[in-house]
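Residue strings, one per chain:
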Amino acid sequence: MSFLAPLFIAGLAAVSLPVLFHMIRRTPRGRIPFSTVMFFDPSPPQITRRSRLDNWPLLLLRALALILLAIAFARPFWRATTGANVAVNDGRQIAILLDSSASMRRGKIWNDAVARAERIVDDATPVDRIGLFTFDRTLKQVVGFEESSSLEPAARKKLLHQRLAETKPGWAATDLGEALQYVAETLVATDVKTTDQQSGKSKEIVLISDMQVGSQTRPLGRSQWPADVKLSVERVKPSSTTNAGLQLARSAAARPTEEDKIRVRVVNAANSTREQFQLRWQGDGPFYSTEQTIDVYVPPGSSRIVRVPFDPNLSSPAKLVLTGDDHDFDNSISVDRTTVQNLNVLYVGSDTASDPDGLRFYIERAFPDNGLRRVTVIGQPPGAPAISPDTHNVGLVVVAEPLLEKQFDWLRRHAEEGGTLLFVASSADVYQSFGKLIGKPDLKVREADVAGYAMLGDIDFAHPLFASFDDPRFADFTSIHFWKYRQIDGDKLADCRVLARFDDGTPAVVTKQLGRGSATLFASGWHPADSQLALSTKFVPLMNGLLELNAGRLDRQRHYTVGDAIPIAARANESATPSVVHGPESQTIQLTSGQRTFTDTVVPGVYRLGDAPDVPRFTVGLAASESRTAPMPVEKLEALGIPLKPTETPATKAAAAQRERQLKAVELEGRQKIWRWLILAAIVALMAETWLAGRTTKQIAIGHAEGAES
Amino acid sequence: MTTSGDFIDPLTLMRIKSLELRAKAVVEGFQSGLNRSPYHGFSVEFTEYRQYAPGDDVRYLDWKLYARSDRFYIKRFEDETNLRCHLILDMSRSMGYGSLGYSKADYARTLVATLSYFLVSQRDAVGLVTFADQMESFVPARFRTGHLRRLMVTLEQQVAGKSTDLDVPLEKIAERVARRGMLVLVSDLLSPIDTLENRLAHLRARGHEVLLFQVLDPAELNFDFDNPALFEDAETGRKIYVDPNTARANYQQRLEEHIAGIRSICDRLGISYRQFVTDTPLEVAMGEFLRSRQHKGSLPARTSAANRRAA
Chain A
0 MSFLAPLFIA GLAAVSLPVL FHMIRRTPRG RIPFSTVMFF DPSPPQITRR SRLDNWPLLL
60 LRALALILLA IAFARPFWRA TTGANVAVND GRQIAILLDS SASMRRGKIW NDAVARAERI
120 VDDATPVDRI GLFTFDRTLK QVVGFEESSS LEPAARKKLL HQRLAETKPG WAATDLGEAL
180 QYVAETLVAT DVKTTDQQSG KSKEIVLISD MQVGSQTRPL GRSQWPADVK LSVERVKPSS
240 TTNAGLQLAR SAAARPTEED KIRVRVVNAA NSTREQFQLR WQGDGPFYST EQTIDVYVPP
300 GSSRIVRVPF DPNLSSPAKL VLTGDDHDFD NSISVDRTTV QNLNVLYVGS DTASDPDGLR
360 FYIERAFPDN GLRRVTVIGQ PPGAPAISPD THNVGLVVVA EPLLEKQFDW LRRHAEEGGT
420 LLFVASSADV YQSFGKLIGK PDLKVREADV AGYAMLGDID FAHPLFASFD DPRFADFTSI
480 HFWKYRQIDG DKLADCRVLA RFDDGTPAVV TKQLGRGSAT LFASGWHPAD SQLALSTKFV
540 PLMNGLLELN AGRLDRQRHY TVGDAIPIAA RANESATPSV VHGPESQTIQ LTSGQRTFTD
600 TVVPGVYRLG DAPDVPRFTV GLAASESRTA PMPVEKLEAL GIPLKPTETP ATKAAAAQRE
660 RQLKAVELEG RQKIWRWLIL AAIVALMAET WLAGRTTKQI AIGHAEGAES
Chain B
0 MTTSGDFIDP LTLMRIKSLE LRAKAVVEGF QSGLNRSPYH GFSVEFTEYR QYAPGDDVRY
60 LDWKLYARSD RFYIKRFEDE TNLRCHLILD MSRSMGYGSL GYSKADYART LVATLSYFLV
120 SQRDAVGLVT FADQMESFVP ARFRTGHLRR LMVTLEQQVA GKSTDLDVPL EKIAERVARR
180 GMLVLVSDLL SPIDTLENRL AHLRARGHEV LLFQVLDPAE LNFDFDNPAL FEDAETGRKI
240 YVDPNTARAN YQQRLEEHIA GIRSICDRLG ISYRQFVTDT PLEVAMGEFL RSRQHKGSLP
300 ARTSAANRRA A
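Chains as they are written, first to last, in numbering that gives the first Met the number 0: chain A, 0 to 709; chain B, 0 to 310.
Hints are supplied without guarantee of correctness; some may be wrong.
As the list claims (entries may be wrong) - Some chain A residues flagged as far from chain B (calculated, every beta-carbon gap over 10 Å):
{"id": "1", "residue": "I119"}
{"id": "2", "residue": "V339"}
{"id": "3", "residue": "W482"}
{"id": "4", "residue": "V633"}
Stated by the list, open to error - Partner residues aside, some chain A positions facing chain B, computed with beta carbon under 8 Å:
{"id": "5", "residue": "R30"}
{"id": "6", "residue": "P32"}
{"id": "7", "residue": "S34"}
{"id": "8", "residue": "V36"}
{"id": "9", "residue": "F38"}
{"id": "10", "residue": "F39"}
{"id": "11", "residue": "D40"}
{"id": "12", "residue": "L643"}
{"id": "13", "residue": "P645"}
Everything labelled a hint here was simulated from the structure, so no lab data went into it. Since we're looking at a predicted model, the values are computed, not measured. From the three backbone atoms N, C-alpha and C, an ideal C-beta is built for every residue, glycine too.
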């Protein structure tokens, strides 16, 4: 028999209390000072009848009650009998989360990480469930819980070792937060699926990572971490810590005056021990040679922007290399020539570009040039016979006046090939032209009756045009007042998608897919006579959104990071979608038909879309965050609400074992509940004692009464 | 012991703080009864003529007698007062015991004070000796103004001594009280009486008349305790566990033997013995005192002289 609270056994000492009280009773109640004791017997006092233990059963009953109480409070339980039922090891549910981001390519830390994972696999008991996950920007399940638990322990171990050996670090950034969140949810979800018997498994994520400070932890603080999932962090460390990274600065060749230079950023990690680095081109060009190096001084923890001479007319991508640090996974970038894309916006209307009361005045200013794009607005007076078919690269056609019959054909064809048309209904006629284009020539358009002003409401933020406003900070369109707009009676535009309505429910922005392109209608103008739209901050993003609606973002950004999805949809006036992508290490990726984005950007370098010699190219580089390799304090995860499992030392192990024993004891005791019986027995003993004492007292009283009578 | 309603209850008497007032109360109450009593006035002057012998003080020659008879006679006065009484009070700790709300010492002190007051009011010379194991204080017998006050002050002293030892004090008294007179020993006499007879005989041999007043608490006589307790000797501090129910008979027997021993000593030596239980009114005690005096018949000196002559 064992005791849960053995200290209470000390209460057995209370058994001596009745005897002690008896002893105290034996001694005289008090001292009486007396004039002399010379007449008393000098012999020791006689043991009177009172001094003897004259009621043994009472004493024994009281002692028994005390003993039972003391043992009951000590919470006894039988360890041997029922221990077998409880001592079942519930096992653990372990998710091994292995960091496979680019920073794990440093030194030998990958091997170290794999070795640690293998050790965890080896240490696992047969009842444990193990899952293996790797993560960089995305989480990959290497071995799932179901798969591993369906195997015998030996086979499972072999499988895990084999999969671990096959795993290699990638080049992507580290999204630690998403990975942890997902794995934690997986742990909880797979546990719920299992039977009740197994829900007692302790859930644990073992994160094996270099814990670089550039890891993304964003989603962690937002949602509740499952309470029963513990995280233990196995941090792998490289032997040397100096690491500098090289990245293309955003808008690398933004300045037209500096076309012969690119801007690159050199980042030095916070725990670096060196601060002097060199930049050098690989390959030849007119402005640079491989011999020429540029010295860069970057203190640890900071970054520098360096302007590097560059040939803008480079025929093939060149490689810029940084030297001087310990780890070269982030030391090179591929730089391609920057081709400025010329886009045209056709404006079908008669007003001049300098008239602030017209519509064109604002269109001219809505498309600022950047290093990658140059937009020209071409006016097309409505009286002109037709839109010139020679006009290439038309990104957007703005229709501000009623169309002539001959213009319809070209516009319809342009739209069906992927062009974007925008009808600005500054008059009812334009509205009718839109109706005619979409096959509803008999629209009855009238001027809306506006009391004061109208506002936009019921905006469809799911549509790409308004998607960029889908944030509480930008979603407020009520500050834009509309004085005039046009409306039609009835539900004639049922087959069109209404992107926004005025506050009386009238459609304000309507779009209709036409072949691969689309036609969009604004039911009001943006010039001051109609509304405040042109003056609002929403105008430029809206117009640019329209421009990019079908052209995609390819033109704006030609440099991507590993893991980015690249839109490959063909634009209007360009060749058809390529069927193959050539990667940097001369691999060829076949695309399926209808594939609009390319996602296999797993290696940094230059990708070419298609087989032709002059196909579009784009470069894929490392994420800037991967170069921030200084270690992140584990406490940051704790601050985000993740309970960390304390690192195990012999002392903590012993403490944990002790705690576990104690828990088992508590559980055993809780099941057996011997204390209840003991308390019951104590109560019975006390009742017997009360009865016996009452009887004895009565007898004594009778004896006294009889004595008094006699 | 019977108490009369005319007398002051000892408990009430003991509540009077001043010992002198207490004594006065007793004596006046007693005297008011005394006026009707036949034992009034026993003080008589005594003179003696003796043939002059060379060496006698010529101041005491009775010249008138010489003129009449032509013989030299020395005129001898017995004393200026008719009685020289020394009151000997036991102040040991055993006297501090009392079961009635006042101790034996209180009672004894009042008794002594009353006697003093009474004797002083009769123009007798009263002295006071207090003792415990040693002689504590000694006030010679005088009759003068303020002497009563001095006696009272001496009596006010609290019980301070330890054990009762009659030997040394009685020996000292025998040395210091040269003139014959009356000695009144007030004590509980709860000490071994082996040597008591010798000492008292010594006193008697010096011509003193000795009165022995034993003051006892009723509890000491009856031993009416109920519960067993640890009885602590007030003098020696010795503790003895006693169950009164069983020990009572034995105790009372031994006490009676002790008292009987004292009585027999007194009888042998011609000492007047009185037992005062502290619940007896003092007037009664006084009455008994006087009765015993009357029983003796005459003045102490004369009695002693008569006895000697008779012997």
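Taking the hints in turn, this is what the structure says about them:
1. I119: Fine: 78 Å to the nearest Cβ keeps I119(A) off the interface.
2. V339: Per Cβ check, V339(A) is outside 10 Å of chain B; nearest 120 Å; holds.
3. W482: 115 Å, holds
4. V633: 74 Å, holds
5. R30: 5 Å, holds
6. P32: Holds: closest Cβ of chain B sits about 5 Å from P32(A), inside 8 Å.
7. S34: Where the cut-off is 8 Å and the nearest Cβ of chain B is about 4 Å from S34(A), the hint holds.
8. V36: 4 Å, holds
9. F38: 4 Å, holds
10. F39: It holds, given that the least Cβ distance between F39(A) and chain B is near 5 Å, below 8 Å.
11. D40: Result: holds, 7 Å to nearest chain B Cβ.
12. L643: Since the shortest Cβ distance to chain B is 70 Å, the answer is violated.
13. P645: 65 Å, violated
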